[in-house]
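Trainee: Could you build all of it, start to finish, from the sequences and the hints given here?
Spelled out, the chains give:
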Amino acid sequence: GAVVSQHPSWVICKSGTSVKIECRSLDFQATTMFWYRQFPKQSLMLMATSNEGSKATYEQGVEKDKFLINHASLTLSTLTVTSAHPEDSSFYICSASNARGPETQYFGPGTRLLVL
Amino acid sequence: GESVGLHLPTLSVQEGDNSIINCAYSNSASDYFIWYKQESGKGPQFIIDIRSNMDKRQGQRVTVLLNKTVKHLSLQIAATQPGDSAVYFCAETPNSGNTPLVFGKGTRLSVIA
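As given, the protein sequences belong to chains A and B, one line each in that order.
Sequential numbering from 1 applies to the first sequence in the working numbering.
Sequential numbering from 1001 applies to the second sequence in the working numbering.
Keep in mind that the hints were calculated from the coordinates and are not lab data.
This structure is a prediction, so every number in the text was calculated from the model and none was measured.
Some clues are possibly wrong.
Said to hold, decoys possible - Listed next, the in silico DSBU-like pairs over lysine-lysine satisfying Cα-Cα at most 30 Å (straight line):
1. K14(A) - K66(A)
2. K1105(B) - K1071(B)
3. K20(A) - K1105(B)
4. K1105(B) - K64(A)
5. K1068(B) - K41(A)
6. K1042(B) - K64(A)
7. K14(A) - K55(A)
8. K41(A) - K20(A)
9. K20(A) - K64(A)
10. K1105(B) - K1068(B)
11. K1071(B) - K1056(B)
12. K55(A) - K1056(B)
13. K1105(B) - K66(A)
14. K55(A) - K1105(B)
15. K1105(B) - K41(A)
16. K41(A) - K1071(B)
17. K1105(B) - K1042(B)
18. K1068(B) - K1056(B)
19. K64(A) - K14(A)
20. K14(A) - K1042(B)
21. K14(A) - K41(A)
22. K1056(B) - K1042(B)
23. K1042(B) - K66(A)
24. K1105(B) - K1056(B)
25. K20(A) - K66(A)
26. K41(A) - K1042(B)
27. K41(A) - K66(A)
28. K20(A) - K55(A)
29. K41(A) - K64(A)
30. K1042(B) - K20(A)
Mentor: Structure, rendered in structure tokens:
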């Protein structure tokens, strides 16, 4: 089956630093990747949609300059949280799709970010 | 539109009993629906899906029912086991290719052994 990995699985950083999270599709080419954020006891909220080779589309309320997304290849998308603050602490989850429809969207295991 | 819950509703079920988890969706244009299971600290795991041209679909121990008239989706788990304990989310999307999923607020299922 299709496998999506995320790295790192968890990260602790100091306030003001930047953190990069990688999302990789291991055995298929992902033309589209999605980034979600999940706060404790809440649902997944879409942050942005990323298509390979083009700029990401951000959801309303998500700062594109703070959450930098790069989808440079068909197997890798990165999310960089710039100048992280404690309120950015959350569980970040990516999903990848091979353009065959929503039923082929596969989720990564998530990355837990804690900003001190 | 999205619905986000600040407090997850919880369903407690005795082991061996059947579980029914409900979900209300808001977008009448949604054409495809998925149920996910999420264990603590992990990403969502696909359980079962259904398209809007169906009202019922069965899998192994799970059944999804769709009522488009009232925009309601349910997940039935037969003979619930301790390993079924998790948070369950419904998700919806229009069937237009690579569109993002909109997640419901989720329900925590606790199985009592």
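Trainee: Decide, hint by hint, whether the structure agrees.
Mentor: Hint by hint, here is what the structure shows:
For the hint pairing K14(A) with K66(A), the CA-to-CA distance comes to about 16 Å; that is within 30 Å, so the pair holds. Pair hint K1105(B) plus K1071(B) holds up; C-alpha atoms about 15 Å apart against a cutoff of 30 Å. For the proposed pair K20(A) and K1105(B), the alpha carbon gap of about 28 Å is at most 30 Å, so the pair holds. Between K1105(B) and K64(A), the direct Cα distance comes to roughly 25 Å. Compliance with the 30 Å bound is thereby established for this hinted pair.
For the proposed pair K1068(B) and K41(A), the alpha carbon gap of about 28 Å is at most 30 Å, so the pair holds. Between K1042(B) and K64(A) the alpha-carbon distance is near 26 Å, which keeps this suggested pair within the 30 Å criterion. This hinted pair checks out: K14(A) and K55(A) have alpha carbons roughly 28 Å apart, not beyond 30 Å. Our distance criterion of 30 Å between C-alpha atoms is met by K41(A) and K20(A), whose separation comes to about 24 Å.
About 14 Å separates the Cα atoms of K20(A) and K64(A), which keeps this hinted pair within 30 Å; it holds. Between K1105(B) and K1068(B), the direct Cα distance comes to roughly 19 Å. Compliance with the 30 Å bound is thereby established for this hinted pair. With a C-alpha separation of about 14 Å, the suggested pairing of K1071(B) with K1056(B) holds against the 30 Å cut-off. Between the alpha carbons of K55(A) and K1056(B) the distance comes to roughly 39 Å, so the proposed pair goes past 30 Å and is violated.
Only pairs whose Cα atoms come within 30 Å are accepted, and K1105(B) paired with K66(A) is accepted, the gap being roughly 26 Å. The hinted pair formed by K55(A) and K1105(B) meets the criterion: a straight-line CA distance of about 29 Å does not exceed 30 Å. About 9 Å separates the Cα atoms of K1105(B) and K41(A), which keeps this hinted pair within 30 Å; it holds. Between K41(A) and K1071(B), the direct Cα distance comes to roughly 24 Å. Compliance with the 30 Å bound is thereby established for this hinted pair.
Under the criterion of a C-alpha separation no larger than 30 Å, the hint pairing K1105(B) with K1042(B) is consistent with the structure, at around 17 Å. Restraint check for K1068(B) and K1056(B): the C-alpha separation of about 11 Å stays at or below 30 Å, so the hint holds. With a CA separation close to 21 Å, the supplied pair K64(A) and K14(A) stays within the 30 Å bound. About 24 Å separates the Cα atoms of K14(A) and K1042(B), which keeps this hinted pair within 30 Å; it holds.
Distance hint between K14(A) and K41(A) is fulfilled; the C-alpha atoms sit about 24 Å from each other, no more than 30 Å. Between K1056(B) and K1042(B) the alpha-carbon distance is near 28 Å, which keeps this suggested pair within the 30 Å criterion. Restraint check: the Cα-Cα separation between K1042(B) and K66(A) comes to about 25 Å, which is no more than 30 Å; the hinted pair holds. Straight-line distance between C-alpha atoms of K1105(B) and K1056(B) comes to about 22 Å, which keeps the hinted pair within the 30 Å bound.
As the CA atoms of K20(A) and K66(A) are separated by approximately 12 Å, the hinted pair is consistent with the 30 Å bound. Using a Cα cut-off of 30 Å, the hinted pair K41(A) and K1042(B) holds, with the two alpha carbons roughly 13 Å apart. Simply put, K41(A) and K66(A) have alpha-carbon atoms about 24 Å apart, close enough for the 30 Å limit, and the pair holds. In summary, the hint linking K20(A) to K55(A) is supported, as the alpha carbons are separated by about 17 Å, within the 30 Å threshold.
Straight-line distance between C-alpha atoms of K41(A) and K64(A) comes to about 25 Å, which keeps the hinted pair within the 30 Å bound. Distance check on the hinted pair: K1042(B) and K20(A) sit about 19 Å apart at the alpha-carbon level, within 30 Å; holds.
Checked against the numbered hints listed earlier, the structure breaks hint 12 alone; every other hint is satisfied.
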